Amino acid sequence: MPIIETKNLTYTYPIGTKPAFEDVTINVEKGEFIVLTGPSGCGKTTLCRCFNGLIPHFYSGKLEGEIAVSDLRVVEHQIHELAQHVGMVFQNPENQLFALSVEKDVAFGLENLGMSRKEMRERVDWALKTTGIFELKDRAPYELSGGQQQRVAIASVLAMQPKIIIFDEPTSFLDPMGAQKIFEVINRLNKEIGITIILVEHRLDLTSKYANRVIIMDKGRILLDGPPKEILSSEEARLIGVGIPKATRLYQILKDKGVNLGKIPLSAEEAAETLTEALTH
Amino acid sequence: MIKIEDVHFTYPNGVEALSGVNLEVQDGEFLAIMGQNGAGKTTLVKHINGLLKPIRGTVVVDDLETTKVSVATLARKVGFVFQNPDHQLFSETVEEEVSFALRNFGFNEAAVNERVNWALNLLDLAEYRKVSPFMLSGGERKRVALASVLAWDPKIVILDEPTIGQDNQQKERLRQFILQLNNLGKTVIIVTHDIEFVAECKPRVVLMSQGKIIAQGAAEKILTDPDLVSQASVVLPQITQLFVSLRNEGFPTEVIDVNEAAEILLERISDSR
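Sequence order for the protein chains is A and B. Residues 1 to 281 in the numbering used here are what the first sequence spells out, letter by letter. Residues 282 to 554 in the numbering used here are what the second sequence spells out, letter by letter.
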């Protein structure tokens, strides 16, 4: 049973003349790590807003087709119900944090669920430890670095113990090392805890190696959907201009010049391995 | 020319953001400032358009010392595009937004029209002329902010995190566009975390850490030094990572460009055959 299932899903914003996306049919299985990409305005962020019910409950407009998340038909369940299944982390953590201490920020969502103090305590501690910020729990979020703030935002979502977390370009505002650490945290949530991840990203250099599946949207439709190596080395991906990892691009250039490395690399490590092999044989 | 000498700056809350920064930027240069969050990058560039004034030291832009002239005088020379476009947009339509500063600077209507058309076409925004900036996507709003600054033709253009929210084709267009500005003799300064973008553009790179400049030089030199980049919380470009791990095979490590990488590898492979 897929954890997210859409069938011929089409949505038009109230002021829109044409759909933001149309005829989207996808199944997401439990435990997948999906990178969702495509040119600006392709509809990827709008599609994600359906997964947690912001569409149709917060944004009006016209939603057609079917969508179920965690066996709940999204149109029949409110945002607060869906929030226990689907968490969302945005670009800029500053827009998501508001409490006076890290701990309070992380506990906030739980306070609205009416659970015991003890359970709340346990969940908050677990979320703080999993994201590696337990020692920051008494600090004020605004005193922290951007990378630490983004980890607080992730911990707040994680404390709700969602089955799915959607990340919308979560590292755009972070320095490269901070970004790398966030992607490692996201990867751990997926590989160690089994949370289904949907990561909206343009920077495939940094992210595609963690994913089991890449979905590319263009002009409101799903254009490509499959394993990262296959999708990112395809001619179609290059033509619509998504940011193919440099390691994969290098493979393509060499192949065009008659040198086939055999294995398609997504990262520098994979490229180094393949090249060392090719050079010593 | 921009001349920054021994600049110190402390925010009112006591945070020391710059502690002794020296930097010279020639006319027509393309400079990228990189470094960890909180290193002082944005604080530094805000000194160039006079939004912030040094507590100690001097900032001179085209022979004008920033403490002695108004922000308005400097604005005519220095265009600044903020990280978050929402801090800068306020008009009801894209067209009004882009023409606002032009009218303030006293351009006549014909000139305003001409410049607005030029800027909107340049940034691929002509179709949104009558649309509210707030109806647009983050990436599009960013381009509106850029168009409204370029419209008045400043000599120095500062872009704070210009690639955030931009897809790959828009980044490529931005790169072309920066080169074009350089060719027109304009100085372009970007503040960015986008290591792959910098590797493609190959500007002069300034690395900052804890309120100081820790290194500056050609992108190929700075971005391929593992110790330097890690001090500034930056990582090596993917192609450099590859060449660093191949260094035992006798490859050079100062490689950041994918086409150059392919050439080096092809040469080696054809030699060994």
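Mixed in with the good hints there might be a few duds.
Partial selection, computed: residues in chain A whose CB lies under 8 angstroms from chain B [to be verified]:
no., residue
1, C48
2, A68
3, P176
4, M177
5, N187
6, H202
7, L239
8, V242
Simulated from the structure, these hints should not be mistaken for laboratory data. Small disclaimer: the values here were computed from a predicted structure and weren't measured. All C-beta atoms, glycine included, are put in the ideal place defined by N, C-alpha and C.
For this session: Using 8 angstroms as the Cβ threshold, decide whether L239/A counts as touching chain B.
Result: 11 angstroms, violated
For this session: Classify the hint on H202/A as holds or violated, based on whether any CB of chain B lies nearer than 8 angstroms to its CB.
Result: 5 angstroms, holds
Exercise. Should the interface hint for N187/A be scored as holding, given a Cβ-Cβ cut-off of 8 angstroms against chain B?
Worked result: 16 angstroms, violated
For this session: Against chain B, run the beta carbon of A68/A and see if the smallest gap drops under 8 angstroms.
Result: Where the cut-off is 8 angstroms and the nearest Cβ of chain B is about 27 angstroms from A68/A, the hint is violated.
Problem set entry | Per-residue hint verdict: V242/A, partner chain B, C-beta under 8 angstroms | Holds. Min distance 6 angstroms.
Exercise. Measuring from the C-beta of M177/A to each C-beta in chain B, is the shortest one below 8 angstroms?
Worked result: Hint holds; M177/A Cβ to chain B Cβ min 4 angstroms, cut 8 angstroms.
Exercise. Against chain B, is C48/A within 8 angstroms by beta-carbon distance?
Worked result: Nearest chain B Cβ about 13 angstroms off; hint violated.
Problem set entry | Restraint outcome when P176/A is required to lie within 8 angstroms of chain B by C-beta distance | This interface hint holds because 4 angstroms falls under the 8 angstroms limit.
Comparing the model with each numbered hint stated earlier shows that hints 1, 2, 5, 7 do not hold.
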